[in-house]
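Colleague: Following the hints, complete the assembly by docking chain G onto the known chain B.
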Amino acid sequence: MRTQPVFMTFKKDDIINFVVLMTLAFIIIPMTVKTDYWYTSILIPWLCLSLAAIGQQIVMGYTGQLALGAAGFMAAGAFACFNLVLRVPDLPFVGALALSGLIAAAFGILFGLPSLRVRGIYLMVATLASQFFIIWMIDKFGWFKNYDTSGIITTQDIVIFGKSLTSPMEMFFVLVVIVTVLTLLAMNMARGSTGRRWMAVRDMDIAAESMGISLLRTKLQAFAISAFYCGVAGALFAFTYLKSLEPVAFDIKLSFKILFMVILGGLGTINGAFIGAAFILLFPVVLNTVGNNVFHGSIDATIISATEQVVFGVLIIVFMIYEPLGMAKLWDSIKQRLFGRNSKESEAPVDQADVGKQGS
Amino acid sequence: MKHRRQRNLVLTFIAAAASIFMFTQNASAQESQYFPVASSRVGPYSAMGTGYYGAQIDYMNYVNMNGGVNGVMLTWQECETEYNAVKTVECYQRLLEKDGQRIVVFDTLGTPGAYAVINRMAEDQVVLAQYGYGRTDAADGRVWPWVFNAASHYWSQIAVKMKFMAEQEGGIDKMKGKKIVHLHIDSAYGREPLPAMRKIAEDWGVTLVEISIPPPGLEQQSQWLQIRRENPDWVTFWGAGSGMNSTAMTNAARVGFPRERMIYVTFGAAEEDMYPAGDAAKGTYAMANALPGDQYPLVQRIKEQVYGSGKGNLADEKRVGSVYWNRGLGAAVMWVEALRIAQEMHNKVGKAVTGAEFRDGYEALNMTEERLGEIGVKGMVAPFAISCANHEGAGKFAMMQWDGTKFVQVTDWEAPLDPGFIRKLVEESAAKFASENNITPKQCS
Chain B
1 MRTQPVFMTF KKDDIINFVV LMTLAFIIIP MTVKTDYWYT SILIPWLCLS LAAIGQQIVM
61 GYTGQLALGA AGFMAAGAFA CFNLVLRVPD LPFVGALALS GLIAAAFGIL FGLPSLRVRG
121 IYLMVATLAS QFFIIWMIDK FGWFKNYDTS GIITTQDIVI FGKSLTSPME MFFVLVVIVT
181 VLTLLAMNMA RGSTGRRWMA VRDMDIAAES MGISLLRTKL QAFAISAFYC GVAGALFAFT
241 YLKSLEPVAF DIKLSFKILF MVILGGLGTI NGAFIGAAFI LLFPVVLNTV GNNVFHGSID
301 ATIISATEQV VFGVLIIVFM IYEPLGMAKL WDSIKQRLFG RNSKESEAPV DQADVGKQGS
Chain G
1 MKHRRQRNLV LTFIAAAASI FMFTQNASAQ ESQYFPVASS RVGPYSAMGT GYYGAQIDYM
61 NYVNMNGGVN GVMLTWQECE TEYNAVKTVE CYQRLLEKDG QRIVVFDTLG TPGAYAVINR
121 MAEDQVVLAQ YGYGRTDAAD GRVWPWVFNA ASHYWSQIAV KMKFMAEQEG GIDKMKGKKI
181 VHLHIDSAYG REPLPAMRKI AEDWGVTLVE ISIPPPGLEQ QSQWLQIRRE NPDWVTFWGA
241 GSGMNSTAMT NAARVGFPRE RMIYVTFGAA EEDMYPAGDA AKGTYAMANA LPGDQYPLVQ
301 RIKEQVYGSG KGNLADEKRV GSVYWNRGLG AAVMWVEALR IAQEMHNKVG KAVTGAEFRD
361 GYEALNMTEE RLGEIGVKGM VAPFAISCAN HEGAGKFAMM QWDGTKFVQV TDWEAPLDPG
421 FIRKLVEESA AKFASENNIT PKQCS
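So the sequence lines, in the order shown, correspond to chains B and G.
Each residue of the first sequence is one higher than the one before, starting from 1 at the first, in the numbering used here.
Each residue of the second sequence is one higher than the one before, starting from 1 at the first, in the numbering used here.
Excised from the complex, chain B in its bound form (with noise of 0.2 Å):
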């Protein structure tokens, strides 16, 4: 009379992973990290949008739905965060974070609803009114934005036990915490059964139906929990690093970039949500400092801030071509040389051909 387990099992190296990883977040970046610039401007946006990008992964790595308009989402869960916490007075912040993600989930769930009938590059025109959507009904209703004249809100501070968190590394804790139980979370659901009905609909979904698997629960179901992660990432990212609202920061170009993130890092992995945010935040940071450093004075500025993006389209192509599974997997065989261990991931990376195959 066994039901389907509710928790993944562990294995070996999941814990070694973990520990390692909590190792590094807690004990090992606060003793070594200093500067605030790297809290404010590295960690705590990578975890934001990396967050972001595993709710693109599920709807999109796992469930094979092209789905555009995750910064949508995240504008939702920024704005229904700051209400939340300005008009509940007694609801902890954990709470209204929580709550937020359910109200961009169910947004998720409305947006979702043309994946019923399109696919493909078709669902991604389709789900791109809900970047559209959001954005302007938060713009054109003032109470969103507490009918502030200017339209740009400055978000509270975070209250976690009747202390407010303000400096970097506190909330760094905070975001590690979350943004911690939230992969988890991904993972169990991913490496589970919910995972793979998502998987079942992305390779086939005629077959995946066949099988009893119904398409429109998950199918939605999938939206929703992406949505739900994109508006906590939202959240966390207006009050952690932004620390001011407004409709503009959440445009068609963060969708964007969030979409790169989980193509670079690779579809179907959860590390690769992490791996590329890494890339797409950080890499035109890097190229910035070397050209600003390096080239100083010796090469007109314009020229400088122009060929890094040339040089960052370029390095996205290549590795596009050599590449094609995403850095995630990149990063398996480097560790697999450097351990000699044959990582056997019970998730195993989606071919592009088969989010293309959808299109078709």
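The set of hints was computed from the structure by calculation and includes no laboratory data.
Honestly, I wouldn't trust all of these hints.
[Stated by the list, open to error] Dumping the calculated SDA-like pairs for lysine to any residue here, alpha-carbon to alpha-carbon at most 25 Å:
1. Lys34/B with Gly100/G
2. Lys140/B with Glu210/G
3. Lys432/G with Leu91/B
4. Lys253/B with Ile160/B
5. Lys179/G with Gln401/G
6. Lys432/G with Phe141/B
Modeller: Relative to chain B, chain G alone:
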């Protein structure tokens, strides 16, 4: 083979990452003051960014060539923001400290970027110098001690525009029943003047029609058809980026709306915005908080010394003296003047100052006609003074008109008809912000 390629790739990454830490050190025994240049040289706003930040670098070079500020040399570091709020935050953090010295001032040249960093200023002790952009109610220095919008904010700007219309129509009583279209980019920046504009329109009995254009604003056909239907007497255009700004003029020409009835915002009032529209641009009015032209003595000296020795920042020297370049010069002049005052106020002549000391110097700026003359920019900007409570400065603008090849100044520096009214709006808005965020306004004696 494949392994070697991968290893090389990894090594390249490590090398790139490592070079972040290897800042080229400007080791010098001389006293120096460090400034950030958060430039925006790529993307739709590149004309603005290259001109404005180019002028700041040119002026700092010029000051260094002439012995610095009482012997203190100016150093700077650049960071590309792409006019993006998220990147601006990263740049701010990156530029914040260099060689153990902290920045004393920050200039984003963009309202979104300014809002993204505005709340960090008091804690980090950095002055946010918004040169004619950014948060309007920061003009109330009691609530915003660290933020300035000297060189006048958007509410004064719209009030001066409406005053200009009234003068053209023959008085405020003649404005009754007239119709104005506010055609703006659909962003916080585009809506920023509306609170003041709506109130003035109501007082004067003017019909105000607000039409928005979604960013980036290159599609304006439907908006201009709507304008043709509305048939307004005036259009106030609030756009951003050369593409959007020139598109509006070509569309106006297409529907036959007279360009002499269009008034452009300061961020559409540059040569780079006018050239792409060709003949369609002729007659368009535009506002200036720093007038273009290279006849000013300081501009001449920079051309001679900085560009003469090949150290100029602009690739095209002809842009020296253009609107954005002169505006950047106006901003940089204020930095250096504030630094000079700060050194004197705090007995640190010839030494670097802290953010708090610089702030005092900035607040004590008093750019009289004579002082502007000494610096060599008399007439380029309106004379102004900043005080503890008033962080706006002059609150004055000059109207220019495009004659097909250059801007011609048509009015002198004009203040709004009722500056007290604008000030009241600013104080109300600042007070609302203060009460929402539990800020006790500073006492200004």
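Colleague: Each hint needs a verdict: does it hold in this structure or not?
Modeller: Right, here's what the structure says about each hint:
1. Taking the CA atoms of Lys34/B and Gly100/G, the gap is about 14 Å. The hint holds against a cut of 25 Å.
2. Straight-line distance between C-alpha atoms of Lys140/B and Glu210/G comes to about 13 Å, which keeps the hinted pair within the 25 Å bound.
3. This hinted pair checks out: Lys432/G and Leu91/B have alpha carbons roughly 24 Å apart, not beyond 25 Å.
4. At roughly 32 Å between alpha-carbon atoms, Lys253/B and Ile160/B are farther apart than 25 Å, so this suggested pair is violated.
5. Annotation: proposed proximity of Lys179/G to Gln401/G holds, straight-line Cα distance about 22 Å (limit 25 Å).
6. At roughly 19 Å between alpha-carbon atoms, Lys432/G and Phe141/B fall within 25 Å of each other, so this suggested pair holds.
When each numbered hint is compared with the structure, a violation occurs for hint 4 only.
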